[in-house]
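Trainee: Here is how the chains run, residue by residue.
Protein chains: 2
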Amino acid sequence: MTDRLGTLYLVPAPLDFHCESQVSLAWVLPLHTMQVAAGLSHWVCENAKSARALLKRIDAHHPLSTALQAQNMLELPREVHKKGDHATAWDAKALLQAAMQGHDIGLLSEAGMPAVADPGASLVRAAHDLGMPVVPLVGPCALVLALAASGLNGQSFAFVGYVAQDTAQRSAQLMALEKLALQSGQTQIVIETPYRNAAIMSALLATLKDNTRLAVCSGLTLPQMHIQSLRVSDWKRLNPNLDKHIPVVFAFGP
Amino acid sequence: MTDRLGTLYLVPAPLDFHCESQVSLAWVLPLHTMQVAAGLSHWVCENAKSARALLKRIDAHHPLSTALQAQNMLELPREVHKKGDHATAWDAKALLQAAMQGHDIGLLSEAGMPAVADPGASLVRAAHDLGMPVVPLVGPCALVLALAASGLNGQSFAFVGYVAQDTAQRSAQLMALEKLALQSGQTQIVIETPYRNAAIMSALLATLKDNTRLAVCSGLTLPQMHIQSLRVSDWKRLNPNLDKHIPVVFAFGP
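Chains as they are written, first to last, in numbering that gives the first Met the number 0: chain A, 0 to 253; chain B, 0 to 253.
Treat the hints with care, since some could be wrong.
Said to hold, decoys possible - In the SDA-like style, the derived pairs of lysine to any residue whose C-alpha atoms are separated by at most 20 Å in a straight line are:
1) A/Lys243 / A/Thr166
2) A/Lys178 / B/Ser183
3) A/Lys208 / A/Leu237
4) A/Lys235 / B/Leu129
5) B/Lys178 / A/Val159
6) B/Lys178 / B/Gly160
7) A/Lys92 / B/Gln21
8) A/Lys178 / A/Lys208
9) B/Lys178 / A/Lys48
10) A/Lys235 / A/Ala202
11) A/Lys178 / B/Met72
12) B/Lys48 / B/Gln21
13) A/Lys178 / A/Gln168
14) B/Lys235 / B/Ala202
15) B/Lys178 / A/Ser183
16) B/Lys55 / B/His17
17) B/Lys235 / A/Leu129
18) B/Lys208 / A/Asp128
19) A/Lys235 / B/Asp128
20) A/Lys48 / A/Glu78
21) B/Lys92 / A/Gln227
22) A/Lys55 / A/His17
23) A/Lys235 / B/Gly130
24) A/Lys178 / B/Val159
25) B/Lys178 / A/Leu179
Claimed, not checked - Sample of chain A residues facing chain B (criterion: CB under 7 Å; computed from the structure):
26) His31
27) Val35
28) Val123
29) Pro139
30) Leu146
31) Ala157
To be verified - To be clear about the criterion: a stretch of chain A counts as covered by chain B if any three or more of its residues have a C-beta under 8 Å from a C-beta of chain B, and this derived list gives those stretches:
32) 191-202
33) 223-236
Honestly, the hints are just simulated from the structure, not real lab data.
For every residue, glycine included, the Cβ atom is placed at its ideal position computed from N, Cα and C.
Excised from the complex, chain A in its bound form (with noise of 0.2 Å):
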């Protein structure tokens, strides 16, 4: 026992996370956010064997201090993956305890930024509620990338998460997210899981109107990566078939 507590380390994955080629992490992770990830040896995931599979990784690049077989792991509960933190009630102190013994933790998603578009954020609270340093590392955010390549207002933006899968439901959503976006000037971000990608790419194109601006960001980071930022009219004549094994950002606005 110690009187140090441990410090929370938010730790980005690479954004290959079940797609068929992987990129090499020195494209992605700064040598930094490599050597602090291969230097701990207690984790907090949403999934064990991906957060192993990513250490590997990173033992190829700079070698971990404590053997891949040693790792403490422990998974964010499957509610929380489902429904989200803040709908679900559960106590996110105990996978800190830990850290509460001095040991530095590393929070993980399975790809991108933890506790952005991810669960997380429950963790990070209770860290800062037992007075933990929460440290954030640098790596790949799909949302920030698709925002910088949609050409479309990055000075004002929402991420407004999945959409809805009943269709009518999903229509008035994106007609009423397309209209603050037109009269506000604010950029709209929304995701998908890759199996919907054909069905929200169609339900965008049959809700928004022919002026407004869509960009389409697969793949990102990815040697297959593909980004088009397009008037609506110009998608329709395109008539685009979005890979439904790749994850797309998508981003609307005037």
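Assemble chain B onto chain A, guided by the hints.
Mentor: Here is chain B on its own, set in the frame of chain A:
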């Protein structure tokens, strides 16, 4: 002349602009980002002097393929800095001439991701309209680091930009944003120029409800980084005194 259009690379910069201490680029930029930047010879930037200073730092990690003196630097118009891309009519295509001749171009902000919380979106939009490939590179983005470290909802959030300077207007704006955050769960993120850090902190504490959570993230990625996330009632007891030379991101919500 060539038929091939150049690519527009979005090159992130470290977050230490105008700060006393510099970070090592290996802390915040992946090797690939530095390699791409080191291979470019045409730039569009906020300020040519600071762009050259960054290239000099990159050169120390990865030798530039074109000498610093021979780099082609164009600046975004002053109006765009002041008012933002969307409130200014300007000919962004004129800055992409070199790309029409086949040269790759880098877009560079003074800190962080270009075209996110910074000007540049019009240039990206013009690139799309010309059919140029747009490739965002990985690097630090203060907003995302702050959001991840805030413990606030990262599955729905809005970046609002700079708050109003007029006292009454600012109070009204913050009150409206808090109402939105509490009703919808959407985290609100705002920034200010560093010399107004104390003023906006006072305004936040005077305006927000005691139970609202406020995260104050200063000097992100820097040695003097300080991140704290507390309820407003707890902030009031702390009576914090923010450095007027260091960039701060503020985020609040339920």
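Trainee: Work down the list of hints and note, for each, if the structure agrees.
Mentor: So, going through the hints one by one against the coordinates:
1. A/Lys243 / A/Thr166: Distance ~18 Å between A/Lys243 and A/Thr166 Cα, so the pair holds.
2. A/Lys178 / B/Ser183: holds, 17 Å
3. A/Lys208 / A/Leu237: Distance ~16 Å between A/Lys208 and A/Leu237 Cα, so the pair holds.
4. A/Lys235 / B/Leu129: Status holds; Cα separation ~19 Å.
5. B/Lys178 / A/Val159: Distance ~17 Å between B/Lys178 and A/Val159 Cα, so the pair holds.
6. B/Lys178 / B/Gly160: holds, 17 Å
7. A/Lys92 / B/Gln21: Given that 20 Å is the threshold and the Cα spacing comes to 35 Å, the pair is violated.
8. A/Lys178 / A/Lys208: Holds. A/Lys178 to A/Lys208 sits at ~10 Å (cutoff 20 Å).
9. B/Lys178 / A/Lys48: violated, 41 Å
10. A/Lys235 / A/Ala202: holds, 12 Å
11. A/Lys178 / B/Met72: violated, 38 Å
12. B/Lys48 / B/Gln21: Cα-Cα ~16 Å, so holds.
13. A/Lys178 / A/Gln168: holds, 15 Å
14. B/Lys235 / B/Ala202: holds, 12 Å
15. B/Lys178 / A/Ser183: Holds, because 17 Å separates the two Cα atoms, which is no more than 20 Å.
16. B/Lys55 / B/His17: holds, 16 Å
17. B/Lys235 / A/Leu129: Since the Cα atoms of B/Lys235 and A/Leu129 sit roughly 19 Å apart, the hinted pair holds (cutoff 20 Å).
18. B/Lys208 / A/Asp128: Cα-Cα ~18 Å, so holds.
19. A/Lys235 / B/Asp128: The hint holds at about 16 Å.
20. A/Lys48 / A/Glu78: holds, 18 Å
21. B/Lys92 / A/Gln227: It holds: about 17 Å lies between the C-alpha atoms, which stays within 20 Å.
22. A/Lys55 / A/His17: holds, 16 Å
23. A/Lys235 / B/Gly130: holds, 17 Å
24. A/Lys178 / B/Val159: With Cα atoms ~17 Å apart, A/Lys178 and B/Val159 stay inside 20 Å; holds.
25. B/Lys178 / A/Leu179: holds, 17 Å
26. His31: Holds: closest Cβ of chain B sits about 4 Å from A/His31, inside 7 Å.
27. Val35: violated, 10 Å
28. Val123: holds, 4 Å
29. Pro139: holds, 5 Å
30. Leu146: holds, 6 Å
31. Ala157: holds, 4 Å
32. 191-202: Coverage by chain B is violated for the stretch 191-202 of chain A (0 residues, Cβ < 8 Å).
33. 223-236: With 5 residues close enough to chain B, the hint holds.
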